[in-house]
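Chains as they are written, first to last, in my numbering: chain A, 14 to 384; chain B, 46 to 303.
Hints were generated in silico from the structure; no laboratory data involved. You can take every hint at face value.
Capping the alpha-carbon separation at 25 angstroms, the derived lysine to any residue pairs in SDA-like fashion look like this:
no. : chain 1 : residue 1 : chain 2 : residue 2
1   : B       : Lys186    : A       : Arg347
2   : B       : Lys186    : A       : Pro350
3   : B       : Lys268    : B       : Ala219
4   : B       : Lys186    : A       : Arg129
5   : B       : Lys279    : B       : Pro292
6   : B       : Lys186    : A       : Arg355
7   : B       : Lys186    : A       : Gly122
8   : B       : Lys268    : B       : Val94
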Amino acid sequence: MPSSLALEGDGNDWRLRIAGDWSARALAETQQRLEDLPPSIAGTVTCDWSAAESPGIGPAWALLARLDAIGGGRLRIRHVAPPRHVAFLEDLRGRTPAETAAGDARPAGALGALGRWVLSRGDEAREFAGLVGRVVAVLARAVRRPRAWRFPSLTRHVYESGVTAIPIVSLIAFLISVIVAYLGSQQLRLFGAEIFVVDLIAIAVLREMGVLLTAIIVAGRSGSAFAAEIGAMQLNEEIDALRAMGMDPVELLIVPRILALVIALPALTVIADATGLLGGGLLAHYQAHISWAQFADRLRAAIAPTTFWAGLIKAPVFAILIAVVGTYRGMRVRESPRELGRQTTIAVVQSIFFVMLADALFAVLFVRLDF
Amino acid sequence: MAAATEPVIRVRGLVNRFASQVVHDGLDMDVNAREIFGIVGGSGTGKSVLLRTILGLHAPAAGRVELYGREVGAMSRAERSEIVQRFGVTFQNGALIGSLTVAENVQLPLREYRRLDREALDEQSRLCLAMVGLPAAAADKYPSQLSGGMVKRAALARALALEPSLLFLDEPTAGLDPISAAGFDELLLYLHSQLDLTVVMITHDLDTLYRTCGRIGVILDGKMSSGALERIAKNPHPWIQAYFHGPRARATPGGADG
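Same shape as in the complex, but just chain B (with noise of 0.2 angstroms):
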């Protein structure tokens, strides 16, 4: 009915401000099921903080966000609990427990909405590990062992534990070398392929935008400007213009005029 319709996350006339600074000023966002979205700005323009507002863990000054048709700030104990337990989250830097190894990591969420036992547990975390590619060694290894790649890897794993239907992903190929980086996107790819995942990512990697991305929001003076990649890019907005006609721009799809 109207489910296949209304938006997994609506967004209405978000403000945030911090001290006498406005990050975000009337923000409105629709993210459609089964929809890679991608969210852009500028350092400082608040991107972070929308992801944060989203997942509850910042209150904003005013507006509306809404997840699934449930509004974010007035969800009861067990309706957030419930809530939490259909989208998974990477952190920018991976914020993998330090003191736990992969699998445990992994097993964390598990651990806390599911009783297994040992063994099933480790079965669970092997599928996590499977699905992104992440090798049976690097189990038992902590964090601070792993390189850059796989830190986001298992990120991605422990995000995926629950069986999310939403996944956030806060800049999952900063800091990674162009081949991880473009192995991370045909992962998301083909994660988001076979899952039916909804995926919302802040990057800045233009490469992972134009491969991965079926739309983008651009975050420009508190507001956003949604729509496909290559209608955005046409946008005269001086940043936008900069951002994807730049020197760094390259000679992507929709960056043709390079």
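Okay, chain A solo, but in the shape it has when bound (with noise of 0.2 angstroms):
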């Protein structure tokens, strides 16, 4: 039988008759039954529990709480044949005191938010100017004592981040420069300057593309990789023992991933730089019928000495760019594992735009200085 609930009587003496589908079940329901119920009566009340079906917690614990709320906490109560657990619930409501919403002492509302933003900016900022810090102070610290470099861990992350991503960086570096020579090629035969095509790919690509290509790369594989290992740690409280044991996460667990960015994305750059040349000479070579002997006639005369240098310069800068970040990413990894995730992505989005920008500053930088 569906549940109801009818309030009979007048004044200061009532008598609530409960029947029917009272489970928990029935939840929903009886809510929608409470609510019907007079905004606000005074006196006694009495439940009549009689006709209820095997009446649950929750619906019997919404009832004393909505007598509490209509009779404003000044109601009298009598249970008439009344489930057992309605004597628990009562003793739990007394023993659990009213709440008084202890008010939010933040500032609420949007300009609130955009406050708690900029504080958690800037507390951002500044730790990680703090890392930045030490980082160098560990860098410093190695120059008298050798065993600082750390080594054994120093070759693992150069092989890791540098030697495993060797055919992704120079699969990735051929078809993009074979995708540049072949548009650009279809272009430049409008103008029968085909011949072009080669400036047109050793310039993009040792200038700008086998950077920053790599630099994408490895961003996404070593920034999110230093994040997701470092923030582990935290989480498993790695990073708090190596402290207590005396030891410095800065110097056993960033520094030497910084550095082996700092050698492995040059290297990287210099071979997708060489596949890059590679695909487009390829394409150059069998869809714009270049010969091999004029290609690289045009390549020495289109690479002015600085043509290499331009790109390969930038590399260790965003080297360090992915390792700081990546690395600070992991640090901040706090409580919980939800966490590990987030700081991952923002590893892997801030790196690269921080690349980017960099990048940005470069290319202004050189034609400034006509490098």
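Mind assembling these two chains? They're in different frames, but the hints should get you there.
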């Protein structure tokens, strides 16, 4: 039988007939019945449970809470044939003091949110600067103390973020320069200037694409790995354990990763440059019918002495950005595994953003310097 | 009628094996209505696997598992959804959802199975938190901000949200200090006495076993011997003797020879 609730009586003496299905399963319906009660009554209420079928705890609790609300807490409540847990619930209500909504002290609304955001950004910036400072301090110490270079760890990270990235970096550099050469030669053919596709490839690959693509791939592979590895260690209290044993996590975990990328990223860039030129050359040869001799000739003419270095010089800078952002995000993981995923995502997004920003600055700088 | 004597959980001839390792080898187990049943066994004897099998989270290699007389493996979706609402589970580490507050965690099953508005949900989560003795201030905290004991209580609150008649607890007092653990024992006894609960509990905690469990089942060599605690403690099997009368058994009732 569906639940029903009938309030009879007047003035100061009320009788509440609780009938039908008041089980936990019917919670939604009983909630509806409760809302149909008048907004305010006073005096005594006698709750008659005799017709209620298998009354549950949740509905009974909701009933008591509703009676409290409509009676302003001053209602005298008696029960007829109550289920056993009504006494338990009343006991519980007595023991848990009526909640005084402890007003949230933090300012609410959009302005408050903006303020909190700005403050948290400020904290982050300070922490980040602190980390950079400690990295520099470790490097300064390492000049006098060779052990601080942590060679075993360094070589492992060079292998993991450098050597194992060679296939994917080569493949992507190769494919991208094939695409650029293909589209470029289509356009240049309109002017009968197909030979200049060599200039296009040489300058695009050496100055920009080689290093930029490599940096983006490394940010995706190693930046995320750094954040996740260090973050997992944070969650597992391994970082605290290292500190407790008097070891510096910056020296042990962060500096080797930064140095490893500073070594690996330029090396990968050289490889990307080479496979990029190879891909462009192959396309120029087979699609635009430029002979290998012509290609080599044109390549020599197109490349200024600085072209290659203009690309490569950016690689260590990108490496530092990726490694510092990745490790910093890992160190920021606190408390919950959810943070781990969030910080790893931020590590990749932010390091790619910083790489792009630095690249733009380099572009302006090189134009000013006529490099 | 027969319902009074019919066991809530009946396991017959359960076999579980992983690769070549046999964990359960013809395990039988009965849990009666309104008792607190403790499952005991050494590490790797498959206590958690047994629990997962009963819950239908793990398909056994052989054997029958019945909940309320219905076979767990052979339930339709509708039947399963109906039976799921009759039991509550707490996992070893609480398994609270990290991205939700304690109140939201408690409301999670209510949102899924009952149509309630915000206020009603809040009222129900207040009830559940009050039942497990958590302060109202804990409602808006995230699991990572809670102490170990509070996590266990919050997990229990979530397990109680749908008013189950059967409660599964996986190591409810593991990792708690003795006072918190004793507090949890008392809470469990109190709720058990008030709510007509059937409780199945995995525990290593001898104090909890002696304080709360009417009957226990020990998993030995892939099989279970169950019975009243005092009787099981007299079993001459070396593992049982080591467990109940070893150096950590202290002077607990039944371990009287120490």
